[in-house]
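Since chain P is already given, all that's left is putting chain D on it; use the hints.
Heads up: the sequence lines are chains P and D, in that order. Mind the numbering: the first sequence is residues 2 to 262 in my numbering, read in order. Mind the numbering: the second sequence is residues 2 to 262 in my numbering, read in order.
Note that these hints are calculated values from the structure, not bench results. Among the hints, a few may not be true.
Which copy is meant is left open, so a pair is good if it fits within one copy or across any two.
Simulated crosslink set (DMTMM-like; lysine to aspartate or glutamate; CA at most 25 Å straight-line) [what the hints assert, rightly or not]:
#, residue 1, residue 2
1, Lys152, Glu21
2, Lys203, Glu164
3, Lys203, Glu229
4, Lys152, Glu94
5, Lys203, Glu183
6, Lys152, Glu215
2 protein chains.
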Amino acid sequence: MALFPEAEMAPCATFDEVFEAVAQGACDHGVVPVENSLAGSIHRNYDLLLQHDLYIVGEHNLRVSHCLIAHPGVRLEEIKRIYSHPQALAQCEHSLRALGRHIETIPAHDTAGSVRLIAERGERDAAAIASARAAKVYQMAILREGLEDEKNNYTRFIALGREPVTPQGEAKTSLVFAGRNEPGLLFRCLSAFALRNIDLSKIESRPVRGVPWEYFFYLDFIGSLAEERCQRALDQLREMATFVRVFGSYPRARAAWVEEE
Amino acid sequence: MALFPEAEMAPCATFDEVFEAVAQGACDHGVVPVENSLAGSIHRNYDLLLQHDLYIVGEHNLRVSHCLIAHPGVRLEEIKRIYSHPQALAQCEHSLRALGRHIETIPAHDTAGSVRLIAERGERDAAAIASARAAKVYQMAILREGLEDEKNNYTRFIALGREPVTPQGEAKTSLVFAGRNEPGLLFRCLSAFALRNIDLSKIESRPVRGVPWEYFFYLDFIGSLAEERCQRALDQLREMATFVRVFGSYPRARAAWVEEE
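Next comes chain P alone, as it looks inside the complex (with noise of 0.2 Å):
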């Protein structure tokens, strides 16, 4: 994984283990996704970062790109069946229709495992849509690359730790605040950010569970708390929300939607 190339892997089931993993100290450190350009932000590990102590220490947007797979030698025409994920057979609809006749779509639990059970089963008239590391993990070929009718599908991902980063060069920030439902609020602690030109680099409001018409609001600003005007913009915010928790800084990635070289 981009985020840490040196460290060994310990895959976990859900995203609920994987915050308990660096929360109990199984792992040093756990990667999550948090947002898809196509389908969002994904809530749930927002949740998660509201209910563990742990912070945020580095971002990666990684391009999602889809590969036909099956095992070496097989050529396209001899494909009957397609495994995957619901979702990734729904994003390569087109690509699909476009190879010109019908092959059977299979849905399957996830995309890697998809590749797992053609290898295991020595399934030679079926293919796999999954990542290129999967082919190369069950030692498959690739019979197509970019299969994703969206090009520019990428999916921003956040790497948490039980200690804050000081980040070296440009930073991010990522925080959540509430406050008293009334017009204006939101318009209020953003001066917090404006009057300090700091620029904002996601806001995005959610409900608050159980209380009507109360909203959380993430952030991120482009800065680190390293720096006293992001601070001071802080400890304005802090005055006029009623709930402030701050995730942490870490270095910026690239923004996601810069097409790779």
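This is chain D only, laid out in the frame that chain P set:
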């Protein structure tokens, strides 16, 4: 459907088809999800709103409730396999584990389709996870209700039309705007609403594709285009933003997170 109780239904395979059907006059209205309380906004449908000349004419908050469905007369103890969309299976993970014994889960293309599958194949030792409506459609029985681990699981739907409506009573208005990327842009744009005591019910930023560091802001406010103060707020917004598109005013639905009786 709660939004159009009298309407004849015309199911579409994709969201694109819903927008096309309304835009080309094949249907009077379309209904698409825009937001889920766990998964977040469905950006795809905001993109489609931008691509079509349609209006939002209504909204509805639907509680997502997963049922365990089997053939009538079948008891829970007889179930050996459960079919559903992997996302529904994941959302019921803890409930399924609480059944006390291992039941194989098998991924399917969609939830309702998994009910049809066990109905058509006559699989009496299998169940499906889907809505109560799907059980009714295929004349199957509900073994368990509210199987979802997270009970606060709501999806917000919007109704689309070719003509705008003028809502009576409490109204909501949805729009999107963008502006030159500079600190304070959002703050200045929000002043249009804050200075007129107009309450916001949703705000979300989204990168403008292909233009690094520029954002669209999706915003809902409480009020109608028929009100002069709202018109004046939009005038000011147009002065501060470089792009504004109003999707329409419509009757406001009750809060999604208010528990139903």
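Each hint tested on the structure:
1. Taking the shortest alpha-carbon separations for Lys152 and Glu21, only the inter-copy value of 22 Å comes in at or below 25 Å, while the best intra-copy value is 34 Å.
2. Taking CA atoms no more than 25 Å apart as the test, Lys203 paired with Glu164 passes inside one copy only; the shortest distance there is 23 Å, against 32 Å between copies.
3. Proximity of Lys203 to Glu229 under the C-alpha cut-off of 25 Å is restricted to the intra-copy arrangement: shortest distance 21 Å within a copy versus 31 Å between copies.
4. Taking the shortest Cα distances, Lys152 and Glu94 sit within 25 Å of each other inside one copy (13 Å), while across copies they are farther apart (32 Å).
5. Proximity of Lys203 and Glu183 under a CA criterion of 25 Å is satisfied in both settings, with 22 Å inside one chain copy and 13 Å between copies.
6. Taking the closest pair of Cα atoms, Lys152 and Glu215 come within 25 Å of each other only across two copies (19 Å); inside a single copy the shortest separation is 36 Å, beyond that limit.
Against the hints set out earlier in the document, no violation occurs for any number.
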